[in-house]
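Colleague: So the sequence shown is numbered by my numbering: it starts at 2 and just counts up by one.
Hint data in this document are derived by calculation from the structure and do not stem from the laboratory.
Among these hints, one or two may not hold up.
As the list claims (entries may be wrong) - Okay, derived cross-link-like pairs now, DMTMM-like style, lysine to aspartate or glutamate, Cα gap no bigger than 20 Å in a straight line:
#, residue 1, residue 2
1, K189, D147
2, K189, E249
3, K130, D98
4, K130, D218
5, K111, E154
6, K189, E201
7, K130, E181
8, K189, D218
9, K111, D62
10, K130, D253
11, K149, D236
12, K189, D145
13, K130, E229
14, K111, E181
15, K130, E246
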Amino acid sequence: MKRTSRINRRIATPVYAAIVLLVPALTSASLASADDGPGPFAVTAVAAPSVQTARVGALFDADRRSSLAGGHFCTASVVHSPNRNLIVTAAHCLDGDGDLVFAPGYRDGKAPYGVWTVRRSFLPDGWAKGQHEDSDVAFGILGDQDGKGVEDEVGGNRFVAGMATGATAVTVTGYPNSREVPVSCTNKPTAHSRTQQRIECPGLSGGTSGSPWVNGDQEVVGILGGHEEGGVTADISYSVVLGTEAAELYRDAAADP
Numbered sequence: 002m003k004r005t006s007r008i009n010r011r012i013a014t015p016v017y018a019a020i021v022l023l024v025p026a027l028t029s030a031s032l033a034s035a036d037d038g039p040g041p042f043a044v045t046a047v048a049a050p051s052v053q054t055a056r057v058g059a060l061f062d063a064d065r066r067s068s069l070a071g072g073h074f075c076t077a078s079v080v081h082s083p084n085r086n087l088i089v090t091a092a093h094c095l096d097g098d099g100d101l102v103f104a105p106g107y108r109d110g111k112a113p114y115g116v117w118t119v120r121r122s123f124l125p126d127g128w129a130k131g132q133h134e135d136s137d138v139a140f141g142i143l144g145d146q147d148g149k150g151v152e153d154e155v156g157g158n159r160f161v162a163g164m165a166t167g168a169t170a171v172t173v174t175g176y177p178n179s180r181e182v183p184v185s186c187t188n189k190p191t192a193h194s195r196t197q198q199r200i201e202c203p204g205l206s207g208g209t210s211g212s213p214w215v216n217g218d219q220e221v222v223g224i225l226g227g228h229e230e231g232g233v234t235a236d237i238s239y240s241v242v243l244g245t246e247a248a249e250l251y252r253d254a255a256a257d258p
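Sequences are here, hints too, so could you generate the full structure?
Modeller: Right, dumping it as C-alpha cells:
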C-alpha cells in the first residue's frame, strides 16, 4: 500500500519522484526514449522544479499546515477544471474523517505556491460503498486564496479517461514518505487486468499513492492506486484504468462551484 496507515479515515463530506536512485540495471528497454516519452525508462530520480512538477503536491492533515516537514502521507495533482480549483488523487487518500491541506510543488518543508484547504471530496460509489480497487480515484475541491484558484497559481493537466493502456509512456511523480522532495519515473504502462494497469518504476514507496501518470500531452491518464492500493512493493505500481466511472466523477467534481 503506497501510503501510511490511513485506511480507517472516514470523510464527512458527501459521497458524491538531485540523487538518482538507479535501482534497476539499465537495459536496452530502459534506455529507450523514442518519441513517446523522455528517457531513460524505469529510472527514478528526484524531480527538478519545473512547470510540470509544480502541479504535483503533497497531502497533509490540516493540523500540519504550519509545520509541514515530515507530515505528508499521499500525493495529489492539479487538473484543469472550469473553476480552477480541482485536484485528483487516490480514493484511499481522501477516505478519512479529518481535514486536509494540499501543498503543490512541496519541497524540503516549504510550500512555494501556498497551502490550500481541501474543502470537499468526491469519491466514486464503487469506493464509498465497498472500497473497490477498481474505483480508487478521487477528486478534491480546494478553497480559493485571495480570489484565485490553485490552477491560477500552478496550472493544471487535463484529466483524460478512456486512453488505451500503454498507448504512450507516462511520467509518474510523487512524494515517498521517506523523502521531502518529489521523485519521478517514466515508463510505459502495461495491462494488469481489464480494469487495472501497472508500471515498473523503482522507489515509488509509501506516500506516492495518488501520484499522477502524465503522458507527453500533459494529460493525466492514470492515478497511482487501485490494485493493492498501488502495490505492495516499491518497484511495481498500479492504477485504475480510467473509464466511465472516473469520467463521470470528474464531471461532477468539475461542476462544483
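Colleague: Determine which of the earlier numbered hints do not hold for this structure and return their numbers in increasing order.
Modeller: 1, 2, 4, 7, 11, 12
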